[in-house]
Amino acid sequence: GAGVSQSPSNKVTEKGKDVELRCDPISGHTALYWYRQSLGQGLEFLIYFQGNSAPDKSGLPSDRFSAERTGGSVSTLTIQRTQQEDSAVYLCASSLSPASGELFFGEGSRLTVL
Amino acid sequence: GENVEQHPSTLSVQEGDSAVIKCTYSDSASNYFPWYKQELGKRPQLIIDIRSNVGEKKDQRIAVTLNKTAKHFSLHITETQPEDSAVYFCAAILPGNNNDMRFGAGTRLTVKP
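Listed in order, the protein sequences are those of chains V and P. Start counting the first sequence at 2; every next residue gets the next number (our numbering). Start counting the second sequence at 77; every next residue gets the next number (our numbering).
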């Protein structure tokens with residue numbers, strides 16, 4: 002595609018439910034990142050995928066959060082048993098390679114947990 | 077991953093004045109330092125970047141300087157305009173197997189007309 006695509010753009014869920022957020026990176030981009038941005042806050046690193054290497058999961062805030070990247074392309078971020086503090090915009094970004102540097106961000110998925 | 081600190085958290089300037097945002101990083105091996113601009117309700121976008129083999133880079137009204145010895149880099153915006161109002165994020169990347177990019181906390185710049 003022309004850019005990084007994320008879905009859903011908006012998700013409202015009840016506390017305790019599981020949610021899945023999807024990211025479709027730019028074709029050919031080997032690096033994929035997930036960030037969380039709470040209202041008016043910065044970009045909190047969650048997880049990073051690079052090619053076939055083991056992902057860097059050091060930013061995941063709890064074991065309720067997990068992510069996978071199938072076939073080196075599409076990634077899914079899963080949040081189990083959602084809590085109100087999980088409410089935020091979840092941003093996905095991809096880059097051609099780590100050495101190339103520039104990240105291209107998606108529009109984000111806004112999650113609201115009631 | 078790298079640890080990046082950014083300041084100030086908010087900055088207000090008069091149109092036409094200059095704005096400077098500063099960041100420090102913790103690992104001297106970091107070699108790439110981008111700056112992203114995020115307008116209200118939009119995605120962050122790269123505005124300028126610098127690699128560790130140069131000390132300064134300019135692009136029209138914006139410039140970035142890098143001091144590797146002190147491990148800090150700065151964004152300079154001259155002749156500010158209201159459309160420069162946004163949140164600016166610095167970042168640093170550490171080469172190696174884990175090239176994850178860590179961002180500073182952001183600076184909310186307001187340019188008053």
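Please note: incorrect hints may appear among the correct ones.
Mimicking EDC-like on lysine to aspartate or glutamate, the simulated pairs with C-alpha atoms at most 20 angstroms apart in a straight line are [claimed, not checked]:
no., chain 1, residue 1, chain 2, residue 2
1, P, 118, V, 108
2, P, 118, V, 25
3, P, 98, V, 45
4, P, 133, V, 103
5, P, 113, V, 64
6, V, 16, V, 64
7, P, 118, P, 78
8, P, 118, V, 45
9, P, 113, V, 108
10, P, 113, P, 135
11, V, 58, P, 78
12, P, 147, P, 115
Keep in mind the hints are simulated off the structure, nothing from the lab.
Outcome of the hint check:
| no. | hint | in the structure |
| --- | --- | --- |
| 1 | P:118 x V:108 | 7 angstroms, holds |
| 2 | P:118 x V:25 | 18 angstroms, holds |
| 3 | P:98 x V:45 | 19 angstroms, holds |
| 4 | P:133 x V:103 | 16 angstroms, holds |
| 5 | P:113 x V:64 | 31 angstroms, violated |
| 6 | V:16 x V:64 | 16 angstroms, holds |
| 7 | P:118 x P:78 | 25 angstroms, violated |
| 8 | P:118 x V:45 | 16 angstroms, holds |
| 9 | P:113 x V:108 | 14 angstroms, holds |
| 10 | P:113 x P:135 | 14 angstroms, holds |
| 11 | V:58 x P:78 | 14 angstroms, holds |
| 12 | P:147 x P:115 | 27 angstroms, violated |
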